[in-house]
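J.: Keeping the supplied structure of chain A fixed, place chain B upon it in accordance with the hints.
These are the residues of each chain, in order.
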Amino acid sequence: MSTSAASVALPQRPLWRRLIGFNLLTAVLLGIGGYYLGWFLGNQVTGASYYYEPKVNESDVSLLLAYVMGVIGFLAGLGFLNYPASRLIGRPPSLREKEGHGWTRYLGLCTDHKVVGIQYLLGIGFFLFIAALNAMLIRVELLNPTPTAFGPNQYLSLVGMHGTMMMGMMTSGILGPFANYFVPLMIGARRMAFPRIEALTFWLLMAAGFILTSTVFFGGFPTGWTGYEPLNDQAVMGMDSYIIFFALVGVSMALLGLNMIATIVTMRAPGLTWSRLPIFCWSVLATSILMVLAAPTLIATLLMAAFDRTISTSFFVTSGGGSSYLFENLFWFFGHPEVYVLALPGFGIVLELLPVFARKPLWGYRLAVAGMLGVSLLSFFVWQHHLFVSGINADLRPFYMLSTEIISLPTGFIFLCVMGTLWRGRATFTVPMLFCLAWTFNFLIGGLSGVFVSDAPADADTHGTFFVMAHFHYTIVGGLIFAFFAAIYYWVPKMTGLRFNERLAKIHFWTMFIFFNTTFMPLFVLGMKGMPRRVVDYATNLVPLNRWVSINAFLLGASMLVFIANAVYSLVLARLPAEANPWRSRSLEWQTPTPVPVNNFETIPVIDSDPYDYGTPLPAHAGEPLAAGG
Amino acid sequence: MAEASEHLGAMAAVALGVEIPPEPPEVGARQHYLAARLLAGATSFFFLAFVFAYFYLRSLNVEHMWRPKGVGPEQGYGVAILICTLASGALAILAARMLGREQRSWVRAASGALGLGLAVVVLQCLEWATQNFGPASGAYASVYCGWTCFYVLAVIGTLYWLETHVATELRARRRPAATGGDIFEPDRLIKPGLDAAVFYWGYLVGLGVLTYIVLYLV
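First to last, the protein sequences are chains A and B.
Heads up: the first sequence at position 567 corresponds to 567 in this note's numbering, and the numbers run straight through without jumps.
This note's numbering runs 1000 ahead of the 1-based position in the second sequence.
Looking at chain A on its own, in the form it has when it is part of the complex:
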């Protein structure tokens, strides 16, 4: 696999040849064909009617088989089965043919990590938009204290769709686009360790997203994103969409994590020692460990649930010797690390960006690494705090309360590093920097309220209320989505060679920051006043506050429209050109030309210093401070 070999231009094939080849069109057709084949086989196996029947195991068999075969057909259409089939007969296929060129490579199997990164960005962006629309609909319903726009079942489905899509798709929200694109560049590698697996993780996620969306055709699901038993077992066929969605997300997560770990451990450039590894890569590593270990437990749990719904096992069915608490325990064994799967990449982005905009070295590099690895480790020992009010043995509560409170220590390390880096820095308030600073504010509130609800007596009062909802929205939206936007504004100029309009970007930031807080801060109050989650009607004395929240949520949604308008204007219509290194970053990814060549580096970079030596006496390291706003 020499550099020159992989950069050879491929001859353009005729249109008809491209249409019938392995591409998205073929994938969709085979996916639909596989879906109906699975449905047919399911019906043949179980003898069920072809018509939709609520809560009939046979229909669940058909639908689950349809989804599985649909996904297999979809992947086959994209060409994912070619490699395993070739290897089965001992034929070694080439990666080169999959690296491709032109815009069509974004619509199929491509093993170029940069293409996969952009695919992830667009794909996840699409599903984020759908999930955000669900949130708007939820707030429409909550304008009134009694069901108005939707009935209770529809409302529950909306809540479930919103939560599940956000939690599922955003597990790869930063690792998908930004780690796939930038980790190889940051470590001086030409591609990921397992490029086909990298592409597979993306397309699995897309298939999962559409499967979850299809739940509306099968009655939705009433469980929220947690899929709790016994509701899970009792739910109509829409629950099967949830099960397959999260199982596919789990597979995608585990494979993504495995690939990231293998890449970072084995493919670092000469001189890139562990102590010189960019802090973003450390956060990716810590997240990947969680993904590889936690996601398989989720997959197993969902497969058990699928068995309960189809072949009448009784893992979670009390009458057959099972226990719904088993599901709750297993789910949260995955679910709490999942929270850190969402949060850790945010830590990494903020710590990566702050030195660039403070123009000084990252303070407490080793402390930050210890913090992220500490969070990873401890996150496996806190899951029962989600079950404090479920009737668990009271003797267990102190341990889980303490372990949850202890996890705030390594998280505190991160804040210490943020503060230390900002201290006496020559800060420039660019849009990515503003998002990082907003992250600091939001995540602090999310973190402190987390310590509060980790306390068993406090949790007994706030569990299942809007208080907890406010807490995790501050943690995940405030921690992840703000970091996600910081990464977009920071790295899109590298990914596209184009920049965002600064004025619109700042309008987006300020509206998002203000309306995020005016939306979610009052939820703490609503929670303290006893407003329960996932219930469509509420007490009339809570109407004014709920209307305030809804109106601010719409304004928060409008701030996203500003972002979309900016993206369309800056990147599509005006195509504003970006400087080669607009932030004067020292990190390796900015040292490559834009657009980055297929193999990233013509010559192997040899790393002889760390990426955060801003302001050191070496003139080449220092760089000039950025002009305000620039």
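Hints in this document: simulated from the structure, not taken from any laboratory.
Owing to the predicted nature of the structure, the values given are computational and were not obtained by experimental measurement.
All residues carry an ideal CB built from backbone N, CA and C; glycine is no exception.
Wrong hints could be hidden among the right ones.
[Said to hold, decoys possible] Which bits of chain B does chain A cover? Going by a derived footprint, with three or more residues having C-beta under 8 angstroms, they are: (1) 1055 to 1062; (2) 1114 to 1127.
[To be verified] Computed footprint of chain A on chain B; a stretch qualifies when at least three of its residues, placed anywhere within it, have a C-beta under 8 angstroms from a C-beta of chain A: (3) 1078 to 1084; (4) 1158 to 1165.
[As the list claims (entries may be wrong)] Here are the simulated SDA-like pairs of lysine to any residue, each with C-alpha atoms no more than 20 angstroms apart in a straight line: (5) B:LYS1191 x A:LYS529; (6) B:LYS1191 x B:GLN1131; (7) B:LYS1191 x B:MET1098; (8) B:LYS1191 x A:PRO457; (9) B:LYS1069 x B:GLN1131; (10) A:LYS529 x A:ALA578; (11) B:LYS1069 x A:THR318; (12) A:LYS506 x A:VAL468; (13) B:LYS1191 x A:LEU19; (14) A:LYS506 x A:ALA578; (15) A:LYS529 x A:THR540; (16) B:LYS1191 x A:ILE89; (17) A:LYS529 x A:VAL468; (18) B:LYS1191 x B:ARG1171; (19) A:LYS506 x A:VAL431; (20) B:LYS1191 x B:VAL1027; (21) B:LYS1191 x B:SER1111; (22) B:LYS1191 x B:GLY1202; (23) B:LYS1191 x A:LEU88; (24) A:LYS506 x A:ILE604; (25) B:LYS1191 x A:PHE194; (26) B:LYS1069 x B:VAL1218; (27) B:LYS1191 x A:VAL468; (28) A:LYS506 x A:THR540.
T.: Chain B only, in chain A's frame:
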């Protein structure tokens, strides 16, 4: 590169001028080594859910439905499956060692491992077909069916992995020049790949022993 460096006024973090050599085989070997271990870690956490379910439901014994009277696996099948699993694992390890000593007959040992692995699958299917309980016969039956089902799927996947190396070797022997793509030299691929597959198969053998102890003996 030149464009970026010019813009920045030379970045000291990057020293230029070293040509990229072809991907060293050690990198691929390390990737296989690491991936197999990570995969074993992921598999452990997957089956941990079943182990947890086993002990959790057994200790609760809800409605006395943990293991109703008459529900129990066939010991004969269990022992036969265990023996085939152990023998297959031993042959796979032998094959990897023979390849390490560059003995071409490693293919025979690997083929034996494949055959015995297939026997594990067949025996398990036979047991499912003949056992006196089904997945709906209580909590133990649920755990048994789920655990063994996914264990067999893991075995099939690993057998496929082993088979790809045997197939690559046989093809390379028949048509030495017909290689290419990202696998320029099959020998470079087979050794680390086989080591990784054998490691994972060995791990699954260990898991098979645990399966036997928990599901058949405890």
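J.: Each hint: holds or not?
T.: Do the hints match the structure? See the list:
1. 1055 to 1062: holds (count 5)
2. 1114 to 1127: Violated, because only 0 residues of the stretch 1114 to 1127 of chain B bring their Cβ atoms closer than 8 angstroms to Cβ atoms of chain A.
3. 1078 to 1084: violated (count 0)
4. 1158 to 1165: holds (count 3)
5. B:LYS1191 x A:LYS529: This hinted pair is violated, its Cα atoms lying about 65 angstroms apart.
6. B:LYS1191 x B:GLN1131: 41 angstroms, violated
7. B:LYS1191 x B:MET1098: At roughly 10 angstroms apart (the allowed maximum being 20 angstroms), B:MET1098 and B:LYS1191 satisfy the hint.
8. B:LYS1191 x A:PRO457: 58 angstroms, violated
9. B:LYS1069 x B:GLN1131: 14 angstroms, holds
10. A:LYS529 x A:ALA578: Violated, at about 50 angstroms.
11. B:LYS1069 x A:THR318: Judged against 20 angstroms, a Cα distance of about 18 angstroms means the pair holds.
12. A:LYS506 x A:VAL468: 30 angstroms, violated
13. B:LYS1191 x A:LEU19: Cα-Cα ~39 angstroms, so violated.
14. A:LYS506 x A:ALA578: Roughly 17 angstroms between the alpha carbons, so the hint for A:LYS506 and A:ALA578 holds.
15. A:LYS529 x A:THR540: 12 angstroms, holds
16. B:LYS1191 x A:ILE89: Answer holds: B:LYS1191 to A:ILE89 is near 18 angstroms, not above 20 angstroms.
17. A:LYS529 x A:VAL468: Answer holds: A:LYS529 to A:VAL468 is near 12 angstroms, not above 20 angstroms.
18. B:LYS1191 x B:ARG1171: 15 angstroms, holds
19. A:LYS506 x A:VAL431: 6 angstroms, holds
20. B:LYS1191 x B:VAL1027: Holds. B:LYS1191 to B:VAL1027 sits at ~13 angstroms (cutoff 20 angstroms).
21. B:LYS1191 x B:SER1111: 16 angstroms, holds
22. B:LYS1191 x B:GLY1202: 16 angstroms, holds
23. B:LYS1191 x A:LEU88: Holds: B:LYS1191 and A:LEU88 sit about 17 angstroms apart, inside 20 angstroms.
24. A:LYS506 x A:ILE604: With Cα atoms ~38 angstroms apart, A:LYS506 and A:ILE604 exceed 20 angstroms; violated.
25. B:LYS1191 x A:PHE194: 18 angstroms, holds
26. B:LYS1069 x B:VAL1218: Answer holds: B:LYS1069 to B:VAL1218 is near 16 angstroms, not above 20 angstroms.
27. B:LYS1191 x A:VAL468: 53 angstroms, violated
28. A:LYS506 x A:THR540: Violated. A:LYS506 to A:THR540 sits at ~38 angstroms, over the 20 angstroms cutoff.
Comparing the model with each earlier hint shows violations of hints 2, 3, 5, 6, 8, 10, 12, 13, 24, 27, 28; every other hint is respected.
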